[in-house]
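Q: Chains as they are written, first to last, in my numbering: chain A, 15 to 665; chain B, 15 to 665.
Worth double-checking, as some hints may not be accurate.
One copy or two, either will do: identical chains are not told apart, so a pair holds if it fits within one copy or between any two.
[Said to hold, decoys possible] No more than 30 Å apart at the CA atoms, straight line, and that leaves these computed lysine-lysine pairs for BS3-like:
no. : residue 1 : residue 2
1   : 43        : 345
2   : 35        : 77
3   : 659       : 536
4   : 55        : 35
Since the hints were made in silico from the structure, they are not lab data.
The lines below spell out each chain.
There are 2 protein chains.
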Amino acid sequence: MQPKVVIFVDYSLLWLDWRKKSELPEYTKRIVGRPATRQGKAALRELLSGLKAMGSEPEECGKGETRPAIHLTEHPGSDEKATIRRCCDGLEILGSGRGLLYGAFHLLRRLALGDSFPEWESSPAYPIRMLDHWDNADGSIERGYAGHSFFFNGKPVCSERTRDYARLLASCGLNGCCINNVNVHGSALMLLTGGYQRELKRISSTLAEYGVSLWISVSFSSPIELGGLQTADPLDPAVQQWWKDTSARLFAEIPNLAGFLVKADSEGRPGPHTYGRTQAEGANMLAEAIEPFGGKLLWRCFVYNCTQDWRDTKTDRARAQCDHFAPLDGKFRENVYLQIKNGPVDFQIREPVSPLLGHLEHTNSMIEFQIAQEYTGQQRHVCYLVPMFKEILDFHLEHKPERDKVSENISAACAVSNTGDDFNWTGHDLAAANLFGFGLLSWDPTADPAEIAAEWSVLTFGDDPMVTETVTGILMRSRNVYEKYTVPLGIGWMCVPGNHYGPSPEGYEYDRWGTYHRATHKEIGVERGPGGTGFTEQYSTGLAAKYASIEDCPEELLLFFHRLPYDHPMKDGRTLLQRIYDDHFEGYEEAKGLSDAWDRLGGRLDPAVYDRVRDRFREQLRCAAEWRDVINTWLYRLTLIPDEKGRRIYP
Amino acid sequence: MQPKVVIFVDYSLLWLDWRKKSELPEYTKRIVGRPATRQGKAALRELLSGLKAMGSEPEECGKGETRPAIHLTEHPGSDEKATIRRCCDGLEILGSGRGLLYGAFHLLRRLALGDSFPEWESSPAYPIRMLDHWDNADGSIERGYAGHSFFFNGKPVCSERTRDYARLLASCGLNGCCINNVNVHGSALMLLTGGYQRELKRISSTLAEYGVSLWISVSFSSPIELGGLQTADPLDPAVQQWWKDTSARLFAEIPNLAGFLVKADSEGRPGPHTYGRTQAEGANMLAEAIEPFGGKLLWRCFVYNCTQDWRDTKTDRARAQCDHFAPLDGKFRENVYLQIKNGPVDFQIREPVSPLLGHLEHTNSMIEFQIAQEYTGQQRHVCYLVPMFKEILDFHLEHKPERDKVSENISAACAVSNTGDDFNWTGHDLAAANLFGFGLLSWDPTADPAEIAAEWSVLTFGDDPMVTETVTGILMRSRNVYEKYTVPLGIGWMCVPGNHYGPSPEGYEYDRWGTYHRATHKEIGVERGPGGTGFTEQYSTGLAAKYASIEDCPEELLLFFHRLPYDHPMKDGRTLLQRIYDDHFEGYEEAKGLSDAWDRLGGRLDPAVYDRVRDRFREQLRCAAEWRDVINTWLYRLTLIPDEKGRRIYP
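If we strip away everything but chain A, and leave its shape as in the complex, we get:
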């Protein structure tokens, strides 16, 4: 007999904490239909409990019911498609089990927003929409800003929270999660072969109930580490056999396992390059091993030289993804998905779109966002990233006359998760909007970030219009505010090395990570045009020309692409330096504005939530002042050029 895990539930339900509604349509009093699948049953359960929380007490009625009702009609073959349509003064939800689940959550959300007859017919844009957890087996989370892992505690754990997590994911349209860190350390290695199958299976089964597939990160050198082989060479038959045998066992034990995620040849992780093999040879070997079980392989493209000599001005880390992977287009098996960070470097607050996204005509690609706010305020600063994701998804790669947008050129989407075992899941209460928004956007990339923000606010904080307007306003302004007081104009990496929080303008300058600005007292930045590292040439002709031209380059990316003197004239006539000074002074003031706006919500919110967010704003303002002063002082010391407006720069 298995011991029962008892966990005290001590966490909020975020947007699933349905509130009492003053009126609900008549049809919410009855539900007709008894779904057969686990997901369909979950849909029914969600409707029953959700409507009850909103103030209705739905009755489960028989097929002959003629009064207005919610009819659940399960169609096994319709994959994830969900339909809600009018039906005899009520609504009918149609779909497979998963379709019913998405339909049920959609209906609940719309009812909570005051929409009485939300007709809807929708299929997700991508078959894989998932979160990547960087949870370690010991319970810590790499770049985790919301407590410890709820998936691991020395070993995998399944609890009531696992179920609620699955509910949260399904309710915003997500259908997968990879539960362990791509840097596979310690006992996480054992997920493949160790004694954890029982726990994994329980997690997997709990997730499956809500249509969420389980993925795990594996180490490319597992055949050595776990199998006792002398090599992990992908062309070695013993290695291939080891992966086949191990996968067969694992997929048999864990029915809801979707596949593996691999970080290979990246930041010290093992990979095929160790054996003189290509990324394609490495990925295909693994993909072949899991293919018989319907497994998919997510292969990260974050391959670059992380031991660069700062003296080397030829190597440009931004080029690495394309240099490694573009020539391999078409060389990957069908069940391989290349996982590509949204920008060419690493989740900075401003980067151009990764040019690799335009080079994979014959290969599945998956965009990787990061809602864990590693470089964007670490969930102590508010930074709503959904508008940024939207910009990227809407971006035209200019390779094709049609279907040219990023969103039309990818096959899957994932985000590095921002969750932990904190009461509010995401550390900063407002950071939950990134989780919700990423979910909605990965279902439908045409969704509007402002509408998502407003919807999230109503679901989370209730429908007080002042709250909705204020929260939406804070969220929508937050990314630009963060950008203004932190790293100027796309240059990136002026954060404290290691922890990546707070300013350190020269912190990475002489380090091995390929992230340099090479500022002198005259100039700053790395030239990435044809006269520099040539990175711009990785884009289509039009974009290449645009980025290479100092005049045409979008100003917010000017220092990503170019090395410029401080007196470079910006389009509005200010100097580059003055623009940076201005941004930093304004950025702080605008952050203050966000904080003040929040303060005005006192009395309108749960005091605990109000206070938690207010504390976070205090820290944000402290840190914003630090960014402002450090960046301004550093530039002032370099240039000795004062602020034109005479504002205070510390000498």
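Assemble chain B onto chain A, guided by the hints.
A: Relative to chain A, chain B alone:
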């Protein structure tokens, strides 16, 4: 019954690994005298085994022996004084048990050096000459560069190594060690009251055999942490009573316990300031508690604001020691020793002497050196610190017409230990010279660092003159070489934050530690003269004037005391900037010279030693090139002034 601890001896004996001598004086064949004390017996044992190793087989003879012999004459009352004098064609060693021990080691050392009749009469300069270990209870060592602790492994451990460690200390004149980190964490707290008394007593007893006293670091807030009191206020009677009771128990259990070392109100450690009490009130309360047992209290003066705002240009960390402690002179009990770092900041490669050393006319002071090479190459770079210690001990404070030197104004000496459980004890084989040299110098501050180096080399590597000359040359040049390629002219702190290894010129610039250079593209440094922070005023009139004057200030300290433009003319006509460039190019070349010199010893040394040191030199050269290039590039980017000699500075 106590379980017997079995440890495999897997370490070298450093300079105690006596070598076979081709000839030894006749008297070494016989030893007369049977000391009664444990230390006297240890002296006899060392002579028997040491002479045997050198090739003699001494016979223990009766009192009537007339042939040449070593006569051991124990005089209980003579404290640590040791005398060696001629006696009927042999030698007589006179002293208390400890005196005999120092005499025996002195004789063995001199015989090993080829001195057949080493007459000697010596008392140590200070009654307390000790090492401070920063060993943590979990076995790690804060700033440890030679493996793990041999004192702790989750709890205190006593092994054969403990005994050999005591032998090493006694053989170079040291008589105490504080075994645990001044930052008292985790189970180290329990040394006072926990279940560790048995282990502590074994360590203590083992050390006592070689005249080495045991000290422990304690947390000022132990009454709260261990005693369950609500306060650690030194004026609270319950707190006082707790310390009295605890001390009575501990001193009764551990006869060889000498006292406590306390880091209070420093870098987050608790202390009397928490309760609005002075440092004297805090120290005296503890001192009173241990006074009945002959206990002494070592109270660190490393008290400063470690949460400074970098924008604050008024606060000067260098002032903190004097500001806190000078006004308290005469307020401390007789068994309190103020432990004062050699410089006003923190063990940088070049600092002026701490001015506090000139302000304690009526208070015991103990100088604190650091042979753990935290800022001086971390035992991967060779950096023989004994010449620096000697400079400091010989420094005239200019407060008094006589007995004005630092060495004449202190009552005790300690050094932060550089040992760990590495085979060679100190990581870098050549770093053992710092341990040996600190011991000899703390016994006799008039000793000559070059002679110490030569002696250490012969004892360690044998008497091949080329080896001795080479090793002595490497050691004697090493400090200036390290200084040249690292931080210029006393400015300090351009190391990587946190680990303190390698260059990061702006790493501490916007941090909270009070360590700034505030370099602009015109000037660098903090002005500490009367027009600046006024730090120079903490010295006697003459020194204050000298340091305040840009002309009279020693050039090696120029950027410690002054803010200067890069084109400031140095005494030899070079600009300040060119001097820094030159130092860095030369420093690397000179490091290469040291390394080459070592390479020429191939075949003359134990190959394992030779290879170990060669590997360290490789790392030193890599790191020296990094320092050279980073500092030069950083200054070049700031100034855009090229090297006059056209050597390569990376842009």
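Q: Should residue 43 paired with residue 345 be assigned to within, between, both, or neither, using CA atoms and 30 Å as the limit?
A: neither (55 Å within a copy, 83 Å between copies)
Q: Please work out whether the CA atoms of residue 55 and residue 35 approach to 30 Å or closer within one copy, between two copies, in both situations, or in neither?
A: within (24 Å within a copy, 91 Å between copies)
Q: First find the shortest C-alpha distance between residue 35 and residue 77 inside one copy, then the shortest across copies, and answer within, between, both or neither for a cut-off of 30 Å.
A: Within one copy only: 28 Å inside a chain, 107 Å across chains, cut-off 30 Å.
Q: Is it within, between, both, or neither for residue 659 and residue 536, if the alpha carbons may be no more than 30 Å apart?
A: The answer is both: 21 Å in one copy and 23 Å across copies each meet 30 Å.
Consistency with the previously given hints fails for number 1 only.
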